[in-house]
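J.: Given chain U, put chain L in place with the hints provided.
Chains as they are written, first to last, in our numbering: chain U, 1 to 230; chain L, 1 to 243.
Since the hints were derived computationally from the structure, they do not count as laboratory data.
Nothing here was measured: the structure is a model prediction, and the numbers come from that model.
Positions of the beta carbon are idealized from the N, C-alpha and C atoms, including for glycine.
Any given hint might turn out to be false.
[As the list claims (entries may be wrong)] Coverage of chain U stretches by chain L, computed from C-beta distances (three or more under 8 angstroms per stretch; other residues unrestricted):
1. 130-142
2. 147-158
[Claimed, not checked] Estimated spans, in silico, between C-beta atoms of each pair:
3. U:Val214 - L:Gln128: 31 to 37 angstroms
4. U:Leu19 - L:Glu137: 30 to 36 angstroms
5. U:Leu19 - L:Gln128: 54 to 60 angstroms
6. U:Gly55 - L:Glu104: 30 to 36 angstroms
7. U:Gly129 - L:Lys202: 56 to 62 angstroms
8. U:Ile226 - L:Gly187: 43 to 49 angstroms
9. L:Phe15 - U:Cys213: 50 to 56 angstroms
10. U:Pro69 - L:Glu104: 47 to 53 angstroms
11. U:Lys52 - L:Lys133: 15 to 21 angstroms
12. U:Gly55 - L:Ala26: 42 to 48 angstroms
13. U:Gly98 - L:Ala116: 36 to 42 angstroms
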Amino acid sequence: MIGNFDFDVIRRALPYLFLEGMRFTLTLTALAAFGGLVFGTMIALMRLSSYKWLGRIAGLYVDFIRSLPLVLVIFWFYFLVPYIGQWLTGASRPITVGAFASSLITFIAFEAAYFSEIMRAGIQSISKGQPAAASALGLTYAQSMRYVVLPQAFRNMLPVLLTQTIVLFQDTSLVYVLSITDFLGAASKVAQRDGRLVEMYLFAAVVYFVISCVASFGVRRLQARIAIVR
Amino acid sequence: MIEINHVNKWYGPTFQVLKDCTTSVAKGEVVVVCGPSGSGKSTLIKCVNALEPIQGGDITLDGVKVNDPKTDLPKLRSRVGMVFQHFELFPHLRIIDNLRLAQEKVLGRKHGDATAKAIKLLERVGLQDHAKKYPAELSGGQQQRVAIARALAMDPIAMLFDEPTSALDPEMISEVLDVMVDLAREGMTMMVVTHEMGFANKVADRVIFMDRGEIVEDAKKADFFGTPRSDRAQKFLSKILQH
Numbered sequence: 001m002i003g004n005f006d007f008d009v010i011r012r013a014l015p016y017l018f019l020e021g022m023r024f025t026l027t028l029t030a031l032a033a034f035g036g037l038v039f040g041t042m043i044a045l046m047r048l049s050s051y052k053w054l055g056r057i058a059g060l061y062v063d064f065i066r067s068l069p070l071v072l073v074i075f076w077f078y079f080l081v082p083y084i085g086q087w088l089t090g091a092s093r094p095i096t097v098g099a100f101a102s103s104l105i106t107f108i109a110f111e112a113a114y115f116s117e118i119m120r121a122g123i124q125s126i127s128k129g130q131p132a133a134a135s136a137l138g139l140t141y142a143q144s145m146r147y148v149v150l151p152q153a154f155r156n157m158l159p160v161l162l163t164q165t166i167v168l169f170q171d172t173s174l175v176y177v178l179s180i181t182d183f184l185g186a187a188s189k190v191a192q193r194d195g196r197l198v199e200m201y202l203f204a205a206v207v208y209f210v211i212s213c214v215a216s217f218g219v220r221r222l223q224a225r226i227a228i229v230r
Numbered sequence: 001m002i003e004i005n006h007v008n009k010w011y012g013p014t015f016q017v018l019k020d021c022t023t024s025v026a027k028g029e030v031v032v033v034c035g036p037s038g039s040g041k042s043t044l045i046k047c048v049n050a051l052e053p054i055q056g057g058d059i060t061l062d063g064v065k066v067n068d069p070k071t072d073l074p075k076l077r078s079r080v081g082m083v084f085q086h087f088e089l090f091p092h093l094r095i096i097d098n099l100r101l102a103q104e105k106v107l108g109r110k111h112g113d114a115t116a117k118a119i120k121l122l123e124r125v126g127l128q129d130h131a132k133k134y135p136a137e138l139s140g141g142q143q144q145r146v147a148i149a150r151a152l153a154m155d156p157i158a159m160l161f162d163e164p165t166s167a168l169d170p171e172m173i174s175e176v177l178d179v180m181v182d183l184a185r186e187g188m189t190m191m192v193v194t195h196e197m198g199f200a201n202k203v204a205d206r207v208i209f210m211d212r213g214e215i216v217e218d219a220k221k222a223d224f225f226g227t228p229r230s231d232r233a234q235k236f237l238s239k240i241l242q243h
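Pulled out of the complex, with its shape left as it was, chain U reads as follows:
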């Protein structure tokens, strides 16, 4: 098998794989991580709020999302959103939502649930004295969160957030169910076209492995540095 391994197939496909495929994968990862962090922080604040029903809604959302297979949600979301959009806007026919927008929304919704648990732990790791000191200086609840609690929670949780982002980077490959050209999708298309399944899937695996490994190593270095600063 290795004897007729064709490296040239990979070489010729490189521009397509990286300029189209990897670019999409990284864009989706970055936007989903950012959106997930923003909404995840909001959900975390809801869960910790003194209004019981807000916390309950947020808790239900997180449990709901975590009980569903991601690939199924990506799939359903893609087919349902046009109809939900139609129902919401009262349009006469299903609205068109691109595969990118649909997958991005799905990933943000999913990551928000996971990031919210991380941020909740981060916020709870800050001693009660910190918000008390902020309040005593006259800062409002929102200001105390914005300037005192969240920056510390974020810094403490940064390694975990980045590790979750590496998982997200791998999970984005699931958009193949929508035949989107992400990195894996691009590799798969070349593989089918040239009949070189072994080379392309092996190469894709190596690329995911190397990127995730290097990123994990970076996170561990960062973790050590944060530990020293503290």
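T.: Only chain L this time, still in chain U's reference frame:
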């Protein structure tokens, strides 16, 4: 300045931490609150700026009712300085930013004015050379002096101290007390929860002794140290003055 009238407070349905506490702090007065641990003295001082809610009675601060739901609490709190046992500097901000944050975000002072005020106060507590450092780079005594400066930066009408030296190593206690003594002599209105009877003896006008959630003794300094009326205060004093 601070009026505390028949204050009751419970933790949960059964445990009463404050029992019918009544006292006051006049403008320019320095009142020391002491008592054994668990006597409710820290809880009482935290009720003054509503960091802890009360279930009965009234607290007014400069004429504003603290336990009125309509009171703008952030505004009220910005007018009273508070110093905590564990300093509670913001570890992610430089010393200078610890002093600037509330000045800018709460009082709306311009960056330049806030900086000038911050540096002036750091000079006052002898820490101007540490402005660019992070709190973790300072000793406990230095951190607590920064915390006092941070509270003073808001131009408070009164200062609350919640066991400001209890978390400090012995050799650092006096540098913090010195700052507090200066403050008292300048006429700052102060309510101080502390075991430092030397400090009380030096600058307090009145001493309040608490035990099991009650104000057992509330007397002029000379009377308190000379002839404490209650058994419990006598016992407490003999214990902490023994060594």
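J.: Would you mind marking each hint as holding or not holding in the structure?
T.: The hints, checked one at a time:
no. : hint                                    : result
1   : 130-142                                 : holds (count 10)
2   : 147-158                                 : holds (count 5)
3   : U:Val214 - L:Gln128: 31 to 37 angstroms : violated (45 angstroms)
4   : U:Leu19 - L:Glu137: 30 to 36 angstroms  : violated (47 angstroms)
5   : U:Leu19 - L:Gln128: 54 to 60 angstroms  : holds (55 angstroms)
6   : U:Gly55 - L:Glu104: 30 to 36 angstroms  : holds (32 angstroms)
7   : U:Gly129 - L:Lys202: 56 to 62 angstroms : violated (28 angstroms)
8   : U:Ile226 - L:Gly187: 43 to 49 angstroms : holds (45 angstroms)
9   : L:Phe15 - U:Cys213: 50 to 56 angstroms  : holds (54 angstroms)
10  : U:Pro69 - L:Glu104: 47 to 53 angstroms  : holds (48 angstroms)
11  : U:Lys52 - L:Lys133: 15 to 21 angstroms  : violated (42 angstroms)
12  : U:Gly55 - L:Ala26: 42 to 48 angstroms   : holds (44 angstroms)
13  : U:Gly98 - L:Ala116: 36 to 42 angstroms  : violated (54 angstroms)
Consistency note: the structure conflicts with the earlier hints numbered 3, 4, 7, 11, 13.
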